[in-house]
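Visitor: Sequence:
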Amino acid sequence: MITKGIVKKGEYYDSVTLMLAAKRLGGLPGVIDSAVVMGTAENRAILVASGLLLAEFEHSIDSDLLVAVRAEDEQAADAAIAGAGDALKSLRTRPGNAAGALPRGWDQALAMLPGANLAMVSVAGRYAGGLALQALQQGLHVMLFSDNVPLEQEIDLKRYAAERGLLVMGPDCGTAIINGAPLA
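The opening residue of the sequence shown carries number 1 in this note's numbering; numbering runs sequentially from there.
Everything labelled a hint here was simulated from the structure, so no lab data went into it. Treat the hints with caution; some may be incorrect.
[As the list claims (entries may be wrong)] The list that follows gives simulated cross-link-like pairs (lysine-lysine, DSBU-like), each with its CA atoms no further than 30 Å apart:
1) 8 / 23
2) 23 / 89
3) 89 / 9
4) 23 / 158
5) 23 / 4
6) 9 / 23
7) 89 / 158
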């Protein structure tokens, strides 16, 4: 049995994408256990408990992607780690967006979905409040999936939204179904 992993600096994914990727890796031949998480202190503690914390993970930061695999042999571990990138890439591709291109700012996002009235914010907590405020400034309601948003910032966002007739759901609001579409 062998445990291996990689750190991908500055490569952020939301928790739902990470869980789905870990499930895919866990189903590969020879894989005993796997984790695909962001490098937060909380996630590193979970890796310790599961026996998947590697030395190279100890200095990771919130925006680092950690992939750990416990496998029957080195070949299975290497194959799973190599497959992690493909799994994450395929999970990022959005239906109706054949090219798989993701917007790189509010202007691009609103150009792709000109009738949008809701933004879903799912980034590391320290960035979430600022992005939620930008969405509100664009006149969008906000579903704030991110956690670890300071309480003072949450209060400010909700006051700002209320003054403009907008809604802020969250932070750490979980999933929802709006007009039949699942959001997570």
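Visitor: All hints are to be evaluated individually against the structure, with a verdict given for each.
Guide: Comparing the hints with the structure gives:
1. 8 / 23: holds (19 Å)
2. 23 / 89: holds (15 Å)
3. 89 / 9: holds (16 Å)
4. 23 / 158: violated (35 Å)
5. 23 / 4: At roughly 17 Å apart (the allowed maximum being 30 Å), residue 4 and residue 23 satisfy the hint.
6. 9 / 23: Holds, at roughly 22 Å.
7. 89 / 158: violated (33 Å)
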